[in-house]
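Chemist: Residues per chain, in single letters:
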Amino acid sequence: MTATLDPQSSDAADDVRVGPGWEIDIDGVTREDLAPVRRQLWLALVGLALGALMGIAQAADRADINLYDAFQLESYYQGLTLHGVALAFIFTFCFSNAFLSILGMRAYGRPLNRMLANASLYVAWLGVLLAAWAILANKATVMFTFYAPLEATPAFYFGAVFLVISTWIVFLNLVLTHRQWRAEHEHERIPLLGFVSLMTSLMWFLASLGVAIQVLGFMIPWSLGWVDEIDPQFTRILFWFTGHPIVYFWLLPVYISWYLSLPKLVGGRIYSDGLVRMVFIAFVVLIPVGIHHQFTDPGIPFTSKSVSFILTFFIFFPSTVTAFSIFASLEEGGRANGGTGLIGWIRKLPWGNPAVSGQLLAGIGFMLGGASGLINASFTVNNLVHNTAFIPGHFHLTVGTGVALSIMAICYWLVPYLTGRELWGRRIAVTQTWLWLGGVFIFSRGQMMGGIDSMPRRTQASGSNYFDAQGSTWEWANALTAVGGTVMFVSALLFFMVVIGTVANPIAVTGRQEIPIAEVVHGPRRSWAILDDIKIWAAIAVVLTVVVYGEVIWHYGGLNNVSGGFRVW
Amino acid sequence: MEIDRYERWFMIATFTFIIGAALALMISVVGHHASLAESAGTINPEDVRTTAPFDAPGLHPSTDPDHDYDLVIIAQTWSWTPEEMVVPVGANVRILATSVDVVHGLKLKDTNANVMVIPGQISEVRDVHFDEAGTYWLFCHEYCGIQHHNMAARVIAE
Ligand code: HEM
Ligand SMILES: [Cu+2]
Ligand SMILES: [Cu+2]
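For the protein sequence lines, the chains are D and V, in the order given. Numbering that gives the first Met the number 0 applies: residue 0 is where the first sequence begins, and numbers increase by one. Numbering that gives the first Met the number 0 applies: residue 0 is where the second sequence begins, and numbers increase by one.
Keep in mind that a hint or two might mislead.
Unchecked claim - Here's a subset of chain D near chain V, in silico, CB distances under 10 Å, partners left out:
| id | residue |
| --- | --- |
| 1 | Q71 |
| 2 | H82 |
| 3 | A136 |
| 4 | K138 |
| 5 | T140 |
| 6 | Q179 |
| 7 | R235 |
| 8 | Y270 |
| 9 | Q293 |
| 10 | G298 |
| 11 | F313 |
| 12 | M448 |
| 13 | D452 |
As the list claims (entries may be wrong) - Covered by chain D, according to a simulated footprint, are these stretches of chain V (three or more residues, beta-carbon under 8 Å):
| id | region |
| --- | --- |
| 14 | 36-50 |
| 15 | 57-71 |
| 16 | 78-91 |
| 17 | 114-123 |
| 18 | 145-156 |
None of these hints come from the bench; they were simulated from the model. For every residue, glycine included, the Cβ atom is placed at its ideal position computed from N, Cα and C.
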């Protein structure tokens, strides 16, 4: 049975034109259930658009071209704060909210609680409006990391809180839906798709508690003037407790797509049910490694840094396992399409489908990003690159491409699925995915060569009085950053052209719309049942966190509240 | 549970790599002078300019037996004190730095020194060497306000 989205049943406020044959693959899901999902996705894309606009301004700055006056912004740093917040929080969080919700519906074969879905959407909007107002009024030029004692207006911190709460509401919704399903299927294995969606949400819930304590317990009381002084070092520890696993939260929705959805799109299967579950468990267990962002912080002892450094290396493990499994799925698909030889199957993958080309190219970017991440993670080598331009070079390959380009690619099936409009501009979309990868390669190459030559990050190159004295490596670094960033921006424009073209497409989709989810070769019956025991894994994560961060806080001792607030922008 | 033979080998290889890399790095941490960021205690930002050693920023004979000199540096929006420092080529130098206001970052080009400068904390970098005569740029690499891009100093080795 499929759910027909009957145009008659639509409320007037919901302005999507539904074609006669538009059906989706989840029982009982109505237009009203899809609406909050779709609107979360639009909010995510608002974040991406804002971020891309700021991105081109940052790239242009490297070529001494000032776009900030045109955008009516006060400074490079105001724009960079917006870039970080729009992309690292708004775009990624709202996409996760939308994507995990629709996957949850599909996994458990029912709609999620509609009231909670709408609540999550409104809370996210509230967060976006507060944060955007604070930043655009130039009252929060503190970067997305908001290190004390830089002091933003309270609205900025409240905005961040509401954005996080919107993700918690989705977690709650998934848990409730899971329990409903569990009551009906007492002895069954959790559907793989449900398991990974739930684990992603659970991981982030646990991980976000650090920043929740930081913001609610320290930043907000301090910015409201209830307390006069704050401990800059300790609030950094809380921030980075969340700041590391936040990257899992950016990445795991995309891992879900690579593992479960991409194989279907290329005509392959998921390799092993148990392995996928293990990988997601690993990310839950490996939450407490945030100290590796603080290798150069003075107030954290050597022992804590060493522990974090060793644990960090184990993150490499689930990621290489992922690479192996996904390559296996891809190869199966490529060979099924008639590909032969050691690498001949690669050419036979459906590169003409932008949802495929985007995710494959994102994967290539991500592999390079992951490799450069090993450099940052290496305690001693990190000294070479910490806080230099190398870091943006690294993470535009990981979150800026592995994640962002995959999300764009997912939109190429998700937008038609959620709007009932046929994809418009397929070739433009394919071109867009290649442009992004080409652009980011040039961009990251520039940022990395600058960083290795000590070029600091978060620095307005055009205004600096020392950039010109640094020689040709820096000049090349800036030129490549400017050119690569411009190519990425053009690619983003094409992406939005395709999305708008699709939403406005007079041609409706035909037939039943399906979320692409592949079959499994080695199914759940052959994987350990204990993998499904979510409570055990959550408990292990909590215990490991208490041990690792207990040691950090024990060594740290009491609070060192020494700083009033500074507004120096 | 079913794990493919190739996959198993792949996992073992990855695991071995991780352990090997971690060991190699631990050796580089423990056995060599890697100029890692360390703590030399806490300080109230308001008292920095009147508390030793920050009451006299610049180069001094070291109070630490392993070093020839201490290079004492204060970070403030948006400059370093001192803005120009002279050190002898080849000397074993310890850097001590702190901030009187917001978070800054100290990156000394062409050396291994890279440390956050956080109000309330005294940052220490051990075993810094200037092997060749010339100018070594010192940048602030953490956003510290509207003039962050103009916060640089120079160390002259001669
Ligand atoms: C049009 C495409 C883009 C361009 C041209 C661009 C450009 C840049 C540049 C030049 C910087 C470094 C600024 C500096 O250190 O002074 C930067 C920082 C950053 N970018 Fe992008 N970017 C783009 C897309 C993205 C995407 C898709 C993401 C993530 C989803 C992203 C996330 C970030 C983050 C988190 C920062 C760090 C901000 C900070 O230091 O506070 N960017 N970007
Ligand atoms: Cu991390
Ligand atoms: Cu600075």
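Chemist: Hints first: check each against the structure and report whether it holds.
Modeler: Cross-check of the supplied hints:
no.	hint	result
1	Q71	17 Å, violated
2	H82	12 Å, violated
3	A136	16 Å, violated
4	K138	14 Å, violated
5	T140	8 Å, holds
6	Q179	28 Å, violated
7	R235	7 Å, holds
8	Y270	7 Å, holds
9	Q293	8 Å, holds
10	G298	5 Å, holds
11	F313	6 Å, holds
12	M448	14 Å, violated
13	D452	8 Å, holds
14	36-50	holds (count 8)
15	57-71	violated (count 0)
16	78-91	violated (count 0)
17	114-123	holds (count 10)
18	145-156	holds (count 5)
The structure shown violates the earlier hints numbered 1, 2, 3, 4, 6, 12, 15 and 16.
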